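Asks: For the record, the sequence lines run as chains V and S.
So for the first sequence, this note's numbering puts the first residue at 32; every next one is plus one.
So for the second sequence, this note's numbering puts the first residue at 156; every next one is plus one.
Everything labelled a hint here was simulated from the structure, so no lab data went into it.
Quick caveat, the model's predicted, so the values are computed rather than measured.
The beta-carbon is built from N, C-alpha and C at its ideal position, and this holds for glycine as well.
Careful: at least some of the hints might be erroneous.
Stated by the list, open to error - To give a feel for the contact side, a few chain V residues facing chain S, derived at Cβ under 8 angstroms:
1. Asp86
2. Ala132
3. Leu139
4. Thr179
5. Ala183
6. Ala237
Unchecked claim - Which chain S residues stay away from chain V? Per the calculated CB distances, all over 12 angstroms, these:
7. Val164
8. Ala171
9. Pro173
10. Leu182
11. Ala184
12. Phe187
13. Ser191
14. Val203
15. Asp207
16. Met212
17. Gly216
18. Pro226
19. Ile228
20. Glu237
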Amino acid sequence: MTRIGVVIFPGSNCEYDAASAMTELGATADFVWHTETDLSGYDGIILPGGFAHGDYLRPGALARFSPVMGALADFAAAGGLVLGICNGFQVLTEAGLLPGALQKNKGLTFISGPTPLVVTSTKSVLTRNARLGQRLVIPINHFSGAYTCDDATFESLVAGDQIILRYEANPNGSRDDIAGITNAAGNVVGLMPHPERAMSTLLGSADGRVLLEGFLGLSLVGGAGDPGALQ
Amino acid sequence: MIFPLVVDVTLRSGIADPEGATIERALPALGFAGVSHVRAGRTFRFDVEAADEAAAMELAGALAHRLLSNPVIEDATVRRGES
């Protein structure tokens, strides 16, 4: 069974949603306190949404120095699955595990609501089950979600097919409508939208499933499938 | 010796500054004419104990670039503070 660690920083607040989505898809999910330095035994690590360390200074700026981040860098370098959602994406950029930065939204307002996205690369663990051009409606919920990077970084993201999700209608001023990116290897992904909150049509959308099933390496049918595709 | 220092953090040129832009748009309504190129930033003040000023500035520079600013989008400069 695929074993996922969900990191909790002081101020994280989406850890239960993330863990619940993982268990619903047949994985086991453990909470990992941010002082943990041993991530062996996990197939994947999720940095959930919230306000790690109160978002003081900048979102992710202090979380980057949490003890778990050193272990996470090693875990990622060894090919482990790493998913940063919203605040987790901000932490991954501050830590240098993903390029660029997340800036305050263009309108300087906290924005929240179901948001149409387009899958623009399937070259990542998060989007490998999705179709290129597939439209997904997934909630966003952030104040600092405008993805920013310099021209050289942007060109390398494009050249490496690393822009995995774009907004259909840009809500926050992010560069080139970017909603999510992956590292070059495809095993470290970050996105501002919350796929773990789009698990059921009863609650508005089940479009997060195709992403999280991909993350777990599940078959396209979904459910508690065979995670063997991870190997 | 104790050296009071100041670190100014501002967005790098070319990086959109929604705070600065919003402030600039508000100014005419408040009666301030002729103000342009508003950039918002942050200032950090602290004291550094070091052997000499150069060492204090070096420590503050490292601190400014490693923690107080995000070099991807921000510039940080260190200057003397007032004791």
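Asks: Decide, hint by hint, whether the structure agrees.
Replies: So, going through the hints one by one against the coordinates:
1. Asp86: Violated: closest Cβ of chain S sits about 13 angstroms from aspartate 86(V), beyond 8 angstroms.
2. Ala132: Result: holds, 4 angstroms to nearest chain S Cβ.
3. Leu139: For leucine 139(V), the interface hint holds, since the closest Cβ of chain S sits about 5 angstroms away, which is under 8 angstroms.
4. Thr179: 6 angstroms, holds
5. Ala183: 11 angstroms, violated
6. Ala237: With a closest approach of 34 angstroms, the alanine 237(V) hint is violated.
7. Val164: 9 angstroms, violated
8. Ala171: The claim is violated: alanine 171(S) sits with its nearest Cβ about 6 angstroms from chain V, within 12 angstroms.
9. Pro173: Proline 173(S) is in fact no farther than 12 angstroms from some Cβ atom of chain V, at 5 angstroms.
10. Leu182: With a cut-off of 12 angstroms, leucine 182(S) remains clear of chain V, as the shortest Cβ separation is near 16 angstroms.
11. Ala184: 17 angstroms, holds
12. Phe187: The assertion about phenylalanine 187(S) holds, with a minimum of 20 angstroms to chain V.
13. Ser191: Given that every Cβ of chain V is farther than 12 angstroms from that of serine 191(S), nearest at about 19 angstroms, it holds.
14. Val203: 18 angstroms, holds
15. Asp207: Holds, since 28 angstroms exceeds 12 angstroms.
16. Met212: The assertion about methionine 212(S) holds, with a minimum of 21 angstroms to chain V.
17. Gly216: Check passes; 17 angstroms lies beyond 12 angstroms.
18. Pro226: 9 angstroms, violated
19. Ile228: 5 angstroms, violated
20. Glu237: 23 angstroms, holds
Hints 1, 5, 6, 7, 8, 9, 18 and 19 from the earlier list are contradicted by this structure; the remaining hints agree with it.
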